[in-house]
Amino acid sequence: MLFNSLNFFIFFVFVYTIYSLSNFKWQNYILLLASYWFYGSWDWRFLSLIWISTLVDFYCGKRITQAKSATHKKSFLFLSIFVNLSILGLFKYFNFFIESFENLLANSPINLNWQTLNIILPVGISFYTFQTMSYTIDIYHKKIKPTKNFLNFAVFVAYFPQLMAGPIERAKHLLPQVENPRTLTLDKFYEGCYLILWGLFQKVVIADNLAKIVDPIFSAQAPYQGLSVLVALYAFSFQILCDFAGYSNIARGLSKCMGFDIMINFNLPYFATNPREFWQRWHISLSSWLRDYLYIPLGGNKFGNCKTYRNLMITMLLGGLWHGAAWTFVIWGAYHGLLLILYHIAKRDNYIKKTSHQSPFIFVFKVVFFFHLVCFGWLIFRSESIRQIIDMSYGLIFNWQNLNLIDFGIKLNKITPYILILFIVQLFQYLNNDLMVIFKSHFIIKSFFYYACIILIIIFGVTGGKEFIYFQF
Amino acid sequence: MEKNSFIFNFKKFPKAFFIALLLLLITEIICRYNTPYIINPGDYVLLYKERHLKLKDKSDYNAILLGDSRAMGIDTNYISKNIQLKLKKDFLIYNYAIPGFGVQGYYLLLKKYLKYNKKPEYIFLSTRPLLLAGHVNIEKRSAREHKHRFFLFFSIPEYFKITSFPFFIKTLHLKIERFSYLLMYRSNLKKLYEQYYHSKKIKPRIKLGLIENQGGGYPYSLGKKSNINDERIKESYTWKEDFYVDIDAMNWFEKLFNLAEENQIKVIIFNMPLVAPVFEKREKNGSNLRYKELLLTLEEKYKNITLLRPILESYETTYFSDPSHLNTEGNERFKTILFDKISDIISPQ
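In order, the protein sequences belong to chains D and W. 154 is the number of the first residue of the first sequence in the numbering used here; add one for each residue after it. 2 is the number of the first residue of the second sequence in the numbering used here; add one for each residue after it.
These are calculated hints, taken from the structure and not from any lab test. It is possible that some hints are incorrect.
Cross-link-like lysine-lysine pairs, in silico, BS3-like; alpha carbons within 25 Å at most [claimed, not checked]:
(1) W:Lys16 <-> W:Lys59
(2) D:Lys215 <-> D:Lys178
(3) W:Lys192 <-> D:Lys567
(4) W:Lys119 <-> W:Lys89
(5) W:Lys191 <-> D:Lys365
(6) W:Lys57 <-> W:Lys113
(7) W:Lys112 <-> W:Lys176
(8) D:Lys564 <-> W:Lys191
(9) W:Lys192 <-> W:Lys162
(10) D:Lys564 <-> W:Lys192
(11) W:Lys192 <-> D:Lys365
(12) W:Lys342 <-> D:Lys593
(13) W:Lys112 <-> W:Lys192
(14) W:Lys176 <-> W:Lys113
(15) W:Lys82 <-> W:Lys208
(16) W:Lys87 <-> W:Lys267
(17) D:Lys567 <-> W:Lys191
(18) W:Lys256 <-> W:Lys304
(19) W:Lys342 <-> W:Lys90
(20) W:Lys256 <-> W:Lys119
(21) W:Lys267 <-> W:Lys342
Each pair of labels, with its calculated beta carbon distance range [as the list claims (entries may be wrong)]:
(22) D:Gly242 <-> W:Lys16: 47 to 57 Å
(23) D:Asn555 <-> W:Asn230: 49 to 59 Å
(24) D:Phe518 <-> W:Lys141: 52 to 62 Å
Negatives, chain W to chain D, calculated, CB over 10 Å [said to hold, decoys possible]:
(25) Leu54
(26) Glu255
(27) Pro274
(28) Glu300
C-beta atoms are modelled at their ideal positions from N, C-alpha and C, and glycine is treated no differently.
All chains should be modelled from the sequences, with the hints used to inform the complete structure.
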């Protein structure tokens, strides 16, 4: 059941009606049932994985607090992490590691001939396993207390608006909202509707239309023409942003309507001027998760430059691998790790100076420059194989012979209207330093914005419910 | 325990939302006002005929033509006029051919026609192998526009009568979409924008006068460039495959004949010409023979049925605009032949 489908609309209207008419005692039951129904509509079998994760983490959370010795505490934490990573490892990475290991030994006399498993990747597995793991880790570090109510914990794990593609919520933030009565207000409802509309617009108008341009280029065979690769990269940069940010906005909007407040996952990432800022703006819930549960436990930046760089690289490599079981994602992670290391070096050696006032031209230059670095990262991310990364990079750099400016104009023309709309809205948001600036603007501006969004969704929206990219992660 | 404060408050009236709705309503009105520019010709003909069917001050027709897009191009005014000259009496025919209609649609259409009009003496029924093979039953049509067309022509209870309950539920939202031209013709609006964007010329997609001049006839492929080549013929043939009888389709067909019989209406069945390469392939694999035999059996079974001969014939590709539809020359040729055959049957012995 996709957010951008009629089925989901009917589902949500039905759930929301019952939810808003019920008192708090029943609301969590309704949420849990709706969440399981929502997830089960993809594949009922994988509900069992959510149940395992829920049961184990609820139990471990309790036992960590009750344990009297540090060893006991550690063993329950280990159990929780082990179960979650095993689920993730088996369903997401098992075949990848087997195949990679076999390829590594392909030229050696050792013939392993291991069998890969015919496994379907359960939707949203990376999101809810990370979310539940953070619960037990936070209990272990005494940042939160375990919940006593199993129902509340089960709702926290399976909460349907963010179950499939995040944001990866922290128990500290979401669990109290599940545990305490929520107030449904008109203000929240309107805010929620605004976010849903904008998210839907980002997904069905911008992302899905750009996908029509991107997909044929990436599915073509080498040699790639530089112009095509460039257009595909620009288009994919905005496709992936709108696809994922669109989902996050819809998730936030649905939550607002139901009285929840879930975290902002995207904060105008293409206005970042450096890799650090980019990761503070892009997929915020994942990058902060990796920072808190991987980078800092590894030592962060406390033990000298070399170890900082090592920690950055490990974090980004695993961050890349989180996105999918393929070497392309690992390389993408390494690429961003490298950017972060270079940025640290440049900052350390004062190549980048801290100034309180920055010339707008320099700022624009930095934004544009860094955007192109990110774009190249998307080439790695979107490629199907390492071979394709090489071929496309070659095409992008060297294959500019017989450049036809008319052809360039036509290709650019196809993507410009979508990017332009997004750019205008985001510029407005950026200049006002407020993602909700349109919602807070004068009602005349707002009404035209709503009208434009609805009309464009009707006329230019891609129908047929194209899946969100991040569902596969 | 806190209570929900989800109570509507006039101070928090969502002005922006209602202004946006108002703007959408205005856009909807503009779309309806400019229907000929945005609507598909096939749909326009459908709307036109649906309204025509319910008109009270129109002439009583001696015959109505039922068929699909292939028969839409038949100029029934021409046939009417020539029959009047030949028989020296009034003989009015109206072409109620609807694009994408299957045999369920014909049955409902006849029922609806009889509800609003004096019963005709004749029905000229254009049939084809796919109709009896069940390919054009509403449940088997994959294209969304075909389902839309049923909803456009028939009310929810009428539609309910011809479909299974699960299918009815599954497609019910299409009826809701039909209330808004903005929703229904969104892809046309997109094309209109692209057309404006590239050429800055927007032409009406239909020619209004033509429908009335041709007694409801409207060449389906009017204005379309001829798109007929070996590959398309091959595609068309692969899609249609061999002829076999679909029991469900036959039941609907027989319902139609029974309804005609109850109302003492004579049914004249004819087949539109097939494009030669498809016809030849079907001759070779025996599909044509099986189909002809079936129609002959029906003719024997029902006293009110007359089957026009030859039952199946082929025209060269030059008479077609695509592998299914005749072009202007094809329609011109066919209407004279149809007139000859019909006039022979209805002329007093």
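Please verify whether lysine 82 of chain W and lysine 208 of chain W have alpha carbons no more than 25 Å apart. The hint holds at about 22 Å.
Holds or violated: are the alpha carbons of lysine 256 of chain W and lysine 119 of chain W at most 25 Å from each other? holds, 20 Å
Starting from lysine 191 of chain W, check that the Cα of lysine 365 of chain D is at most 25 Å away, please. Holds. Lysine 191 of chain W to lysine 365 of chain D sits at ~15 Å (cutoff 25 Å).
What's the verdict on lysine 176 of chain W and lysine 113 of chain W, does the C-alpha distance respect the 25 Å limit or exceed it? Since the Cα atoms of lysine 176 of chain W and lysine 113 of chain W sit roughly 19 Å apart, the hinted pair holds (cutoff 25 Å).
Lysine 57 of chain W and lysine 113 of chain W: Cα distance at most 25 Å? holds, 14 Å
Interface-negative label, proline 274 of chain W against chain D, beta-carbon threshold 10 Å: Nearest chain D Cβ is 36 Å from proline 274 of chain W, so the label holds.
With a cut-off of 25 Å on the C-alpha distance, tell me whether lysine 567 of chain D and lysine 191 of chain W pass. holds, 14 Å
Starting from lysine 564 of chain D, check that the Cα of lysine 191 of chain W is at most 25 Å away, please. holds, 18 Å
Given the hint that lysine 192 of chain W pairs with lysine 567 of chain D, does the C-alpha gap stay at or below 25 Å? Holds - the C-alpha atoms of lysine 567 of chain D and lysine 192 of chain W are around 14 Å apart, at most 25 Å.
Is the straight-line distance between the alpha-carbon of lysine 192 of chain W and that of lysine 365 of chain D 25 Å or less? holds, 16 Å
Regarding the pair lysine 112 of chain W and lysine 176 of chain W, is the alpha-carbon distance no greater than 25 Å? Since the Cα atoms of lysine 112 of chain W and lysine 176 of chain W sit roughly 21 Å apart, the hinted pair holds (cutoff 25 Å).
Check whether the Cα positions of lysine 342 of chain W and lysine 90 of chain W lie no farther apart than 25 Å. Holds - the C-alpha atoms of lysine 90 of chain W and lysine 342 of chain W are around 18 Å apart, at most 25 Å.
Going down the numbered hints, you'll see the structure goes against 1, 9, 12, 13, 23, while the others check out.
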